Structures are given as C-alpha cells and as structure tokens.
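> Chain residues, written in single-letter form:
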Amino acid sequence: MDTILDILSAVIREAISPGTAAVAIAVIGLNLHFGYTGLLNFGQSGFMLLGAYGFAISLVHDVPLPLAVLVGLGLAFVFALVLGIPTLQLRGDYLAIVTISAAEIIRFVGRLSNLKDLTGGAQGIQGRTYQPAFVDLSFFGDGAWTLAPFNYTDVADGAGWVRALGGLVFAACIVATVLVGRRLKRAADPTRTAPRTGLDGTLGKVAAVVLVLIGLYALFFAMPVTYGRSGVNGWWVRAVAWTLVALSTLVVYLLVRSPWGRLLRGVREDEDAMRSLGRNVFAVKMQSLVIGGLFGALGGMVYVLASTVQPDALGRQITFFSYTALLLGGAATILGPVLGTVLFFSARILIRESARAYVPDSIMSAQQTEQFSFIVVGVALVLLVIFRPQGILGNKRELRFNV
Amino acid sequence: MSETTIGTPSLADPAARRALMAGVTPEPGAAKQDPILKVDKIERRFGGITAVDVEHLEVQRGIITALIGPNGAGKTTFFNLITGFDKPSSAGSGAAWEFDGRSLSKTSASSVAKAGMVRTFQLTKSLNRMTVMDNMMLGAQDQSGENLLKSVFKPLWRGQEKDVEEKAKELLARFKLLEKKDDYAGSLSGGQRKLLEMARALMSDPKMIMLDEPMAGVNPALTQSLLGHIQALRDEGMTVLFVEHDMHVVRHISDWVVVMAEGRVVAEGPADTVMSNQAVIDAYLGAHHDTDLGDDEVLTEGALEQIEAEVRADEAAHEAVDEAKHDQQGDKS
Ligand SMILES: Nc1ncnc2c1ncn2[C@@H]1O[C@H](COP(=O)(O)OP(=O)(O)OP(=O)(O)O)[C@@H](O)[C@H]1O
Ligand SMILES: [Mg+2]
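If you read the protein sequences in the order shown, they are chains F and X. With this note's numbering as the guide, the letters of the first sequence map in order to residues 1 to 403. With this note's numbering as the guide, the letters of the second sequence map in order to residues 404 to 736.
No wet-lab data here; the hints were simulated from the structure. The structure presented is a predicted model; accordingly, all values stated were derived computationally and were not measured. Where hints are given, some of them may not hold.
[To be verified] Dumping the calculated DSS-like pairs for lysine-lysine here, alpha-carbon to alpha-carbon at most 30 Å:
1) X/565 / F/185
2) X/610 / X/490
3) F/205 / X/584
4) X/610 / F/205
5) X/565 / X/517
6) F/185 / X/557
7) X/572 / F/185
8) X/517 / F/205
9) X/557 / X/584
10) X/553 / F/205
11) F/396 / X/584
12) F/185 / X/610
13) X/517 / F/396
14) F/396 / X/557
15) X/517 / F/185
16) F/205 / X/565
17) X/553 / X/517
18) X/579 / F/396
19) F/396 / X/572
20) X/572 / X/557
21) X/584 / X/553
[Unchecked claim] Here are some chain F residues the structure puts well away from chain X; computed CB gaps all over 12 Å:
22) 15
23) 65
24) 171
25) 316
26) 373
Each residue gets a CB set at the ideal place from its N, CA and C atoms; glycine is no exception.
Just chain F, with the same shape it has in the complex (with noise of 0.2 Å):
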C-alpha cells in the first residue's frame, strides 16, 4: 500500500512541477503554429532554449528581472524572423526542416567551450547564479506549506477510509466530468437534431468547471503535497509557473476566437485559397510562429526558474515531448495542450516509479526504468495516433475532412 501512494506522490509532484508548466507553456504556442496555423515547427526547443538563455545570461550580469524576461522574448523574435522570412514562403516540410537544425544549431552553440563566460558551455548555468533575483520577489513568507491545507490527517486521525474516500471523490468527478465533456460536445455539434436538455448549455460547462475544482480538491485532501513557501522549488516558482500557463491559455483563447484567428484556420486549410481572398498568407504565418515562438521563449524561462541553464535538457527531446503532449490532449484545442502536458509527464513517472519499485533491480535498473519509460510512452503515442487521432479533447468530426 505504502508503495503505491509513494507513486501515487511522485505523479502528483511531477504533474505540478515547474517543469511540467514550463513545458505546458511551449505546447501552448506549439498548438497556435501547428494545430491552428498548420505551421510545422519541429525547433520549439530552439525558442526555449533562447529564452532560457536571454533570461538566465541577463539576470547573471545583474540585470533586472523584467528586462531579462523582455531580452528572451527578444530573442525569441528574432530567432522567428530569422527562420520565417526564407521558410515560410517555401511549402510546409521546409520548415520543419529548417527549425529543427536551427534549434539543434542553438544548443550546440550554448554547449560551446569558446562561450564558456556566458553559456557556461555544456555544464551550463547553476541555478543559483540567476535564480535569487526571481525567489526574492516571493511575498508567501517562510516555512513550508501543505496543498490543501484541509487534508485526510485533519479528519479521523487520519485513517486509511479518509483517503480512500477522497481518491474515490476524484475518481468520480474525473468519470463525471467526462460524461458532462462528452455532453456538450455532443450538444455543440450543429447536425444534431435532438432536442437540447439540462445539461447541454452554460449549465453544462459550470458544472464541468465545478465538478474538475472539488476532483482536484479531492486529490489534494488524499495525497498532501508539501513544499517550501518561497525558496528555489518551493510554492511561490509553482503559483508563478501555473499563472504563466493559465495567462497564456486565455491569451490564445482570446486570439483564436477572433478573426485573426479564423486567418490562422483558414491558412491551414488552403493557402491559395486566402490568396485569392486578398489575404497576406506570409505574414499570417509569421505572426504565428512569432507569437507561437514567444510562448516557447516564455516556456524556456520558468523552466530554468527550478532548475539549471542546461542545453542539453532542452534539445530535440522536448521538441518531441510537446508534439506527444500537443496530440495526447488535441491540436488546435484550448485546454488540449495543458492537458495533454499534464498527462503526458505524470504517465511516464507513473510508468517509471512503477517500474522502478515492482521490477527488481536485477531485470531492469533504475537507469533502465527511465528509458523504459520511454518506450511505454512511445508505444502509447502511436496507439493514440492509431485510435484517437484527434487527441483527448479534440473534434472528430474535422478529421473526417483532413485534406
């Protein structure tokens, strides 16, 4: 029992982590170039990396926070251009061409030895030399707090019941709120003729809303998660990290719903068709991947707010990583790619404490548990891929039309 909720403990802290908002971050602006824009970028790690450098280089030559932040969005920008004035005129795959290399030239160039001075080279930055300019804004005091404060110790001296109870709680609004989603996708769908009920409008989405607070409520009262108030990986990076996520979901929301955004959609769909209606494909395509890039710039930064500057930490795996969490939870989605991010990086702790405690050390070690990992994920991917290609939030119906 105790092994399972020492698991059950890993995948709740790594789903929260700074890592995974970081990440979750970079999807966001990955699911504006690839899922809305069609835009195949296969360098957002380029983008993070930058901004994780912009960032990480000006903080260390004492400059202030929010310069640093505006010097990786910079960079970001243009690292764009540079890729987007010759690719973008060119078909779809030439980017993806051009942006993986370019990201890949990236970090070769922070692993330089020449750069030591500034990129400190394949060792990269130390936290500590960076971070403290951020952990000082902190205004959550000292001592360590306790997510949610009202947990299963507070009731019946904390008994084994009390916590099953809220792991059930969990269970169920997670199954609820699935049949709720399902509801108003079902109701949404302009071809239905049954006539709409209760649950299918605005009622529909408070209680989905409702329902996903007390789930997550309920797994917070089961398993407690303690940290630090401020410090280096404490609540006050987390609380930052998953405001970022949470701005920059609505910033996307907002952006997509309007017109502009139908400009993303219709140059996915046919490029010489929004010529024809007087539209500049190119430079719809490049705000794209500008605003896209920014979010990836962004990304990098509040994943090196935990932990180092190290450019091999965001290469061309976590490129991958986004585009699995991006399809996991439905490209051109709005909650797709933080779901999906959220999902993706608890499964494989999950996978990999699993692994590592009920395997003995003698068939797979803990190294190999980490690969092994991998490759669950990996299998998991492609069975995605093959039964629910439109990713866990996504519509159905606009594959039948992919063209």
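Based on these hints, arrange chain X with the ligands on the given structure of chain F.
Structure of chain X with the ligands alone, referenced to chain F:
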C-alpha cells in the same frame, strides 16, 4: 460604375449593352470603349509547350464576358497569370496588364484580390475543416478583428463581425447553402463547394469576378438561378469574366465571348457571331454543337452513325496533327 461608361445610361438594359459592344470590331485583341482589364504580351511556357500566348486582350467594364476554348487551351493558366498565382515567362520582356487603371504586372495574388479582382478556382478550394460560415466570413475584406493587436479585444470587432455575418447569411440563402452554414465545408458535395466558393468570392464586393467553370457540377435548376444572380451582379455594375464549356450558358448570359485555342485568343465577338465562326467551330465547338444529343430525333441510327463517323474522322485528323508535332519534338531532342 455606369457613370464611367461613355454615353451609356445603364448596362442593365440589354439594348444598351448591345449598343456598347456594337462599335467593337469582332476580332482578336479588339479595343473596347471602357476596358477594366487590359492585357499585353503575356506568355507562359511549361517546358516545351506554350500554354498561354496572348498578344493583347481587353475586357469591357460592366458586362459579362465568356472565355471559351478546348481543354488545355490555356484558360485556367491565363486566369492564374493575371490574378498573380503564376508568373508569365515573358515577364520583363513586355508582359504587362492593368486592372482598373492600375498596373498589376508585379502584384501578388493577395493584392490583386484587394484591388477588386477576385477569382474562383476550377478545382474548388474550400477550407475543409472550417464551417461554411467561417469560409464565408473570410471572404469579407478589411476586417479590423484580423489585426493582431485588436483581435484580443472583442468589442473592437464585434459590430463588424455581426454585419459581415448578416451579409454572409444573405448570400448563403441566395446560393441555397443557408441550412449548411454550421457544417464543415469538407462535408459539402462537389457542386455545393462550387457554390460556396462563388458566394465567398462575392463577400468582398469585387469590381470584377473571374469564375473558372462555375457551373460545372451544378444542377440545372440551380444553374438557372445562379445565372440570374450573375446577371443581377452585372446589372449592379460588376464585371464578370467566366470560363465555361456549356454553350447554352455562354449563349444565354454572355455579352461578349473570347475564344482561346492553344494559348492564343483566336476569336472575339458577340456569342452568335463567334459561334458561327468557322475557325471556332473547327477548333472547339464541332459541327454538331447545336444538336442536342439527348434529342430523340438525333438518336435515329443513321444520324448517330453519321455523327460518330465525323467525330472519328475529326479525331483522326487531330491525332495526325499531334503525332506530326510529337515527331518534330522528338527530332529536336
Ligand atoms: N503546372 C503546369 N505544368 C505543366 N504544364 C501545365 C501546367 N499547367 C498547365 N499546363 C499545361 O498548359 C496547358 C493549358 O492548361 P490550362 O489548365 O490552362 O487549360 P484550360 O484551358 O483551363 O483547360 P480546361 O478547359 O480543361 O480546364 C495544358 O496543355 C496543360 O497541360
Ligand atoms: Mg481550366
């Protein structure tokens, strides 16, 4: 638009249109009284073949001009060239065309559309994973909500969005697509997509609309009503240039007909004149273009056999010519 046409009160009147075009000599490249589009020396070669080689062509403002010609005559390529989707091989050596007094020779496809010349495609380009309504909304020009900075503030574009939507609904109703407005464009039938594309092009209130085989795959009743619609657009002052293989349609609505063959403009004139032109009959229409092959009387054994024999003879002659050409090319290479 009518105030710019010299001496004609309104082109809604058929007599006025006939009078307007009566002064134009029916020969290739004839000058028009008030051309909206003027094309000079455009040539497009694909490797060895010359798809388009137009010396001079003018399109009169405010009337319906039909562009006809055999398959592969270069009609679509010609459309592509003047709408900026293709570049002439003769660029830099005299190729020039102007629309509404503005040179378009160096303009991108999107600027051509913005200038007021909107086209449709022979192979329909619907935006499949978007709703019919969204397709239509993209047709409207100058939307402030398409500005990146304004787009996040809904109040800045809500009003305009409503207006555009109203207009889109009106057009969709006219094109019998209103019930489909929330469906994905990809779920429409081929003919419905043609209609959608035409309706979408009209969303921008173009000065001139260029339709590439608009009636292909559209059922007769709807063709009738669309023809009425196109005429109404003309009467409101829009210029229409369209490619069509259905001679009944061409005869019915066009005020002027331009015939292309092997890339060149071979004849021009009012529908009747052009269709009785022996060169046009030989190159395109065929001797029996006036005969309805569905008519019972034609289906008597004798008549049918006679037609078949003539067609065979015709094809044989063509093949002979083609082979001769091939041989020549073969010799060259
Ligand atoms: N991209 C291309 N590459 C090579 N040849 C081409 C290309 N586009 C068109 N052609 C050639 O140019 C000629 C004219 O083609 P075009 O499509 O303009 O004909 P069309 O008059 O529109 O015919 P249809 O009535 O069948 O639509 C054809 O011989 C065609 O094979
Ligand atoms: Mg054609």
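> The structure should be examined with respect to each hint, and the outcome stated for every one.
Hint check:
| no. | hint | in the structure |
| --- | --- | --- |
| 1 | X/565 / F/185 | holds, 25 Å |
| 2 | X/610 / X/490 | holds, 23 Å |
| 3 | F/205 / X/584 | holds, 24 Å |
| 4 | X/610 / F/205 | violated, 46 Å |
| 5 | X/565 / X/517 | holds, 22 Å |
| 6 | F/185 / X/557 | holds, 24 Å |
| 7 | X/572 / F/185 | holds, 25 Å |
| 8 | X/517 / F/205 | violated, 41 Å |
| 9 | X/557 / X/584 | holds, 22 Å |
| 10 | X/553 / F/205 | holds, 28 Å |
| 11 | F/396 / X/584 | holds, 19 Å |
| 12 | F/185 / X/610 | violated, 42 Å |
| 13 | X/517 / F/396 | violated, 35 Å |
| 14 | F/396 / X/557 | holds, 28 Å |
| 15 | X/517 / F/185 | violated, 38 Å |
| 16 | F/205 / X/565 | holds, 25 Å |
| 17 | X/553 / X/517 | holds, 21 Å |
| 18 | X/579 / F/396 | holds, 27 Å |
| 19 | F/396 / X/572 | holds, 27 Å |
| 20 | X/572 / X/557 | holds, 21 Å |
| 21 | X/584 / X/553 | holds, 26 Å |
| 22 | 15 | holds, 29 Å |
| 23 | 65 | holds, 25 Å |
| 24 | 171 | holds, 35 Å |
| 25 | 316 | holds, 29 Å |
| 26 | 373 | holds, 34 Å |
Against the hints set out earlier in the document, violations occur for numbers 4, 8, 12, 13, 15.
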